[in-house]
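Novice: Sequence:
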Amino acid sequence: MNITEIVASIQSHIATLNDEVGGIETTMVTLSDKISSIETAMGIVQTDVEWLKKFFFIIVISIVGVLVSTIWNLVLHRRNNK
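Just so you know, we're using our numbering here: the sequence shown kicks off at 3 and counts up by one.
Treat the hints with caution; some may be incorrect.
As the list claims (entries may be wrong) - DEER-style ranges, computed between Cβ atoms: (1) S11 with S34: 29 to 39 Å; (2) K36 with I12: 32 to 42 Å; (3) S34 with A10: 33 to 43 Å; (4) T72 with S39: 47 to 57 Å; (5) I46 with N82: 31 to 41 Å; (6) F58 with L33: 28 to 38 Å; (7) S34 with K56: 29 to 39 Å; (8) F58 with T32: 34 to 44 Å; (9) N75 with S39: 47 to 57 Å; (10) D50 with T29: 30 to 40 Å; (11) V62 with T32: 39 to 49 Å.
Read the hints as simulated data drawn from the structure, not as lab findings. Think of the CB as a built atom: it goes at the ideal place given N, C-alpha and C, for glycine as much as any other residue.
All chains should be built: construct the whole structure from the sequences, respecting the hints.
Specialist: Structure, rendered in structure tokens:
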């Protein structure tokens with residue numbers, strides 16, 4: 003084997019490695035895009051959950067208010083009937 007054949011063999015191996023690295027870089031970009039879309043979806047879900055929490059909080063406060071006013075009316079009604 004002479005120097006020219008060795009250099010050609012090394013260059014061939016370097017080209018193969020560059021192709022493999024290029025494939026890995028493409029895969030990494032694809033994974034990064036998928037992670038970004040997952041993060042976006044999680045943000046949407048989190049926003050939806052926050053709205054649901056607020057909605058149910060308002061419902062619970064309303065129910066408590068109705069219960070308090072009902073009890074208060076019963077107490078006043080009993081006092082007036084004595």
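Novice: Determine for every hint whether it applies to the structure shown.
Specialist: Each hint tested on the structure:
Between S11 and S34 the beta carbons are some 35 Å apart, a value that agrees with the proposed interval 29 to 39 Å. The supplied range of 32 to 42 Å is met by K36 and I12, whose beta-carbon atoms lie about 36 Å from each other. Take S34 and A10: their Cβ atoms lie about 36 Å apart, and the range 33 to 43 Å holds. Between T72 and S39 the beta carbon distance is about 49 Å. The supplied range of 47 to 57 Å therefore holds.
Separation of I46 from N82 is about 54 Å and departs from the stated range, judged on CB atoms against 31 to 41 Å. Separation of F58 from L33 is about 37 Å and conforms to the stated range, judged on CB atoms against 28 to 38 Å. Under the hint 29 to 39 Å, the C-beta atoms of S34 and K56, about 33 Å apart, fit the expected range. Between F58 and T32 the Cβ separation comes to about 39 Å, which falls inside the hinted range of 34 to 44 Å.
Our hint of 47 to 57 Å for N75 and S39 holds, since their Cβ atoms are close to 54 Å apart. Restraint check, D50 to T29: a C-beta distance of roughly 32 Å satisfies the suggested window 30 to 40 Å. The beta-carbon spacing between V62 and T32, approximately 45 Å, falls within the hinted interval of 39 to 49 Å.
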